[in-house]
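Enquirer: Listed below are the residues making up each chain.
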Amino acid sequence: MLESRRTRLVLIILLILALALITLDFRDGGNSDAHSLGGRLFGPVEHVAGDVTGWFKGGGNSAEIAALQQQNDQLRSELAQAQSDNTDAAQLASLLHLSNKDHYKVVPATVVAAGGAYSDTVTLNAGSASGIAANETVLNGSGLVGTIVSVTTSTATVQLATDAQSTVGVRMAGTGQIGALSGTADSFSGSAPLRLTLFDATAALRPGEEVITFGSVGGRPYVPGVPVGTVTTVTTEPGSLTPTALVKPYADFTGLGVVGVVVSK
Amino acid sequence: MSTEPPLAARALVAAALPVALFAAVVAQLTIVNRLPLPGGDAPDLVLLLVTAVAAVSTPLTGAVTGFFGGLALDVAPPASHYAGEYALVFCLTGYGTAKLRSVLYAASPTGERDPLTTLTVMMIGVAAGEAGKAAVGRLLSDPNVTNAAIRHVLPGAVAYDLLLSPLVLWVVSRVAALARPKPERATRGDLIHFGHLATAFRAASAGATPGLRLAGTGGSYLSPAAALNKGRGEPRLRFAGSGWISQAAPHAHKELRLRLAAGGAKYSVANHRAAKYGQPSRPEPRLRFDGGASVRRVRSPARRVPRIRFDGTSELPRSPAAARRVPRLRFDGTGALGNRQSVARRVPRLRLADGRARSFFRTNRGSTPDGQPLVAGGRARKLHFAANSPGQAPPRKVGTPGRNWLRGTGAAWAAGRGRSAATPRFSRRSAPQWSAGNALYNGHKSVKRKPGRGWLRPARPKRANWYTGARSTSWLRRSRNPWRRRRQRLLRLVGGRR
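If you read the protein sequences in the order shown, they are chains A and B.
This note's numbering numbers the first residue of the first sequence as 1 and each following residue consecutively.
This note's numbering numbers the first residue of the second sequence as 266 and each following residue consecutively.
Simulated from the structure, these hints should not be mistaken for lab results.
There could be a bad hint or two in this list.
Residues on chain B that point at chain A, a partial pick, calculated with CB under 10 Å [to be verified]: (1) Val291; (2) Pro324; (3) Leu336; (4) Ser345; (5) Tyr351; (6) Ala392; (7) Ala393.
Backbone N, C-alpha and C fix where the C-beta goes; we use that ideal spot for every residue, glycine too.
Between the sequences and the hints, there should be enough to build the whole structure, so can you do that?
Expert: Here is the structure:
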């Protein structure tokens, strides 16, 4: 009886503690000190564990492969920007502020950890020590990956574009129509569709159109001109105010490896 | 009875728990979540570990383990949900799993720890934990936890968890077994005899108090019921004429039965009395036979197989099967001492001069009703009684059996049979058999009594319980045996039958 009473007391204390933590974190919008503390505690361990698993995954010359992939990513991102330049150079130059594209630098990083089934977040093995800060664009050789939401010294947490909490300002590569791209929390089904909503009610959407990022002020959280995906299905409802469509992302979010973080110089 | 594991093992297991939790969290985030498993789901290692630990331990451990495991998942870097969500869910899951297990075990009639039950409880806990994760996310309106997402994630995650739970439970229970006291199991002989009752028997013997010590005796007390059960199927050695087995109280042989195999040293009333009242001749309990060979003291640990040699004739076998092969013990060539009851039945009884088998009470008189001395094995030997050797008679008021020994019976018998005044007559309160024992030990010429049914023991002991063969304890309620109060107190202490 005594044992059971003590157990119940401990249980109640723990439950109150958990509820208090939830409340505090809820108030801080999910960025309470608990997360930073956990990042400080688990970040280095995950860093090492990611290196170990990466070594197993990549075999002996994983370092060389990683270096080449990083170079490849950088080249591809530049190529993407160059290609987008070519489509409508004059319009884009004024629209996307490409004059300051040389101010961007890509920091390579590797995904070392992934969130649970309900969250679309990954952890990179590079943090503030590598110059990464919050609200910076993450991309890989295929296209846009997401944005940094929190950093520790050695790790950075990326919110993927497929996360239900993420919204990316995008532009249609051909027509220049602008809109918003949001995740659907369906990334677990492999090639997760993103939901595109154009702001112009009269704009026409056709499957196969390319979607690139519109860009934010100062390049945060998204730099302009990064390819995101292609329109697969137009889901505009009859009588709706805005045209909507499903977009298939270029990046494979289930098999993320080496990514690049666009940091300001 | 249980053996405590070493402190180092327990400390190691206690330290292994947080390490295992930490490792599970890191492995979950860095490996399991990134595995391209079919269906896009992944098992939850932390939830599996928490439920497995809870399924083999207490609710307190389960709740604490769940809280810290969940908290680690909450704050470890890629987490995007609110801190405390999983801590809440896992804490409740761990507590509920362990509570369910303890309730199930308490409800089962034998308290048997069934691995399948443990696994089932753990699986229930795992499924509840997965559902709880979704429920809390929904409750806090996590944008990632939508109904569609739950419908997609939950079945796959539960399936993976259930698939992995036997493996995790096996590992965890193996580790936890290092720190758990090992329950003593019944001997093989018991299980052979009680094969169909094995489960109930083990549960019953677990409640006995073999380790209890009696103040003043230095021996360990074995409750009669447990002794009876335990001794079944093992060879017994019964003595006659040595004075060890008191005839004073007809019940005494219950406690006084000497166990040579696997029994360990038990207290005997005679021993205790000798120590207490200063019986001069038996400072130590020793098995001593006529050959004069001093044998081992019956103070052997329960697990060892004591081998006792008598005059180089044989050993006491351990198993009933062996008992059939090994020759019986022989004392002085006078008779055979049976190892088993069936053998004992064949042993010739002590015969009186007139050739009739005599009962216990009659032989107690030391002579036949006709005044003839007892004849053992056909050869007449005179018994040494207290009246014949006055110097060795114990003080009249102490050390004598209760007044109920031979109460009424002897007088009635004497009256009925017309006992003559010339017959050596002993006081009701004297203890002839003690003196007989003393005479034996002092090297006096004494009778060698042979064991047999109906002589020392009543021909058929009363059975109080037909199923267990427990002897009747009606004597306890009537007697004023000095051990009665202690025995009652002990039994009250351990919750045995009274």
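Enquirer: All hints are to be evaluated individually against the structure, with a verdict given for each.
Expert: Structure-based check of all given hints:
Of the supplied interface hints, the one on Val291 (chain B) holds, with its beta-carbon coming within about 5 Å of a beta-carbon of chain A, less than 10 Å. Contact between Pro324 (chain B) and chain A, as hinted, is supported at the beta carbon level, the nearest pair being about 5 Å apart and thus within 10 Å. Against a cut-off of 10 Å between C-beta atoms, the interface hint on Leu336 (chain B) holds, since the closest Cβ of chain A lies about 8 Å away. For Ser345 (chain B), the shortest C-beta to C-beta distance to chain A is roughly 4 Å, which falls under 10 Å, so the interface hint holds.
Interface hint status for Tyr351 (chain B): upheld, as the beta-carbon distance to the closest one in chain A is roughly 9 Å, under 10 Å. Because the smallest distance between the Cβ of Ala392 (chain B) and any Cβ of chain A comes to about 15 Å, over 10 Å, the interface hint for this residue is violated. Because the closest C-beta pair between Ala393 (chain B) and chain A is about 16 Å apart, greater than 10 Å, the hint is violated.
When held up to the earlier numbered hints, the structure conflicts with 6 and 7 and fits the remainder.
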